[in-house]
Amino acid sequence: MKKILTGFLILTSLVVGANAKNWVVNQKGKTFIPSKLSVAVGDTITFQNSDPFAHNAYTDDEANEFDVGMQATGKETHMKILAHESFNIECAIHPNMLLEVTVQ
Amino acid sequence: MILKLGLSALLISSAVYAASDMQKWLRPAEVPQPKDNKLTKERIELGKLLYFDTRLSSSEKFSCATCHHPKRGWTDLVPVSKAVGAGRGPRNSPTVLNTAYQKRQFWDGRVKTLEKQALGPIEADVEMNMPLEELIPKLNKISGYVELFKKAYPKEGGITTKTLAKAIASFERTVVSTISPFDKYAKGNKNAISIKSEKGFELFKDKAHCMDCHDNFNFSDGSFHNIGLHDGELQGKELGRYLTKRRAAWYGVFKTPTLRDVTKSAPYFHDGSVHTLKEAVTICANGGRYKNGVKNKSTYIIDRKLSDSEIDEIVSFLKTLTGPDMKLNIPTKFPQ
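These protein sequences, in sequence, are chains A and B.
In this text, residue positions in the first sequence follow the numbering used here: the first is 1, and each later residue adds one.
In this text, residue positions in the second sequence follow the numbering used here: the first is 1001, and each later residue adds one.
Treat the hints loosely; a few may be bogus.
[To be verified] If you anchor each label on the Cβ, the simulated ranges turn out as follows:
id: 1; chain 1: B; residue 1: K1061; chain 2: A; residue 2: T31; range: 38 to 48 Å
id: 2; chain 1: A; residue 1: H78; chain 2: B; residue 2: P1034; range: 32 to 42 Å
id: 3; chain 1: B; residue 1: K1035; chain 2: A; residue 2: T31; range: 19 to 29 Å
id: 4; chain 1: B; residue 1: M1326; chain 2: A; residue 2: V41; range: 47 to 57 Å
id: 5; chain 1: A; residue 1: G74; chain 2: B; residue 2: A1029; range: 29 to 39 Å
id: 6; chain 1: A; residue 1: A72; chain 2: B; residue 2: P1137; range: 50 to 60 Å
id: 7; chain 1: A; residue 1: D60; chain 2: B; residue 2: K1278; range: 35 to 45 Å
Read the hints as simulated data drawn from the structure, not as lab findings.
C-beta: ideal position from N, C-alpha, C; glycine also.
When you get a sec, could you build the whole thing from the sequences and use the hints?
Written out as structure tokens, the structure is:
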């Protein structure tokens, strides 16, 4: 029984992994592009920075806590969606930047 | 013919580009206001009375206007403000001008709205030192205020901390910059500013990178930076936004202030340590007061290799951002 359960869990995680998507969000003109995303648990978000200066995407959402730290021009960072809870991402430098993430 | 058409198209597209390029410097059509506190004449007038009323402080000698006075650039023109009692506040008094357009309030951005900001200085022991649990009953004993709150907020339960904050915030939202020479220039009057100022504007946008932070109509994008005023480990209020949450990016950072009416609000920076615009520009555009040893110094603050005359040109441009004082009747009589 234990073996079956373990096998089921491995299979489930493989299925989730296989269906997981990567979403690209660019930081340009001091805005997140796009500014709204609809994602699923297991998906990843890639943050690009096309501005000529640094950004610092973060969320204080407890279930999906995330802080890329200082992200220089041209660099990429990645975030994995961990929990089934919608949240907002801001830039720690530019509070006017807002990305609304809906977790389906 | 084709050449002529091509040339006219080029000229037109260049003119359109120039116009759209200037668009972002123009004041938005409306002042932002929350759905649950739309501006009305009654709310603004009530807020104005409260703003100038010294009875809102424990000593009855301080009002909001003591540190944010319209005749002193909506600040108090000293490095750090006097507090009720013998003390002084820890930071330079920020201007109230155009705070309606800000997404975060206070130097450290600890609150988002003017409603949340309005009560902070009243209660702060280094400012007006008036506990709200004493102030609200006190205001409720002033029949003139009871009537005015009823008219301004008829369905909101009279004088409460909520309606007090809303009224003061309403008045603050009317404190907006007037038409400056730069505004006339941005609208197409090329003679509204001098050639020296025009050169300064180009430097501001390009070589000096001032625009990276001092952007849009309010000449601030609301961003937070450690501009290198102090080296070594920071203490107390110098920690800036880091005090609100120990996020590495917030160590010693403060909000980018507006540059509107900047000639009226010296001294500059969060600690009021700089008395001239020339020194302020030099610090920001030439790599900070301390080039080395600054923890979490903003990557925006680097030496832009500006000459003395280029700094003078930027200062000349900054002076064009000052307009006449807004029309305001400062109340001398208060509700009894």
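Hints, verified against the model:
1. B/K1061 with A/T31: 38 to 48 Å: Taking Cβ atoms as reference, B/K1061 and A/T31 lie about 46 Å apart, which means the hint holds.
2. A/H78 with B/P1034: 32 to 42 Å: holds, 36 Å
3. B/K1035 with A/T31: 19 to 29 Å: holds, 23 Å
4. B/M1326 with A/V41: 47 to 57 Å: holds, 52 Å
5. A/G74 with B/A1029: 29 to 39 Å: holds, 36 Å
6. A/A72 with B/P1137: 50 to 60 Å: Taking Cβ atoms as reference, A/A72 and B/P1137 lie about 54 Å apart, which means the hint holds.
7. A/D60 with B/K1278: 35 to 45 Å: Holds, at about 40 Å.
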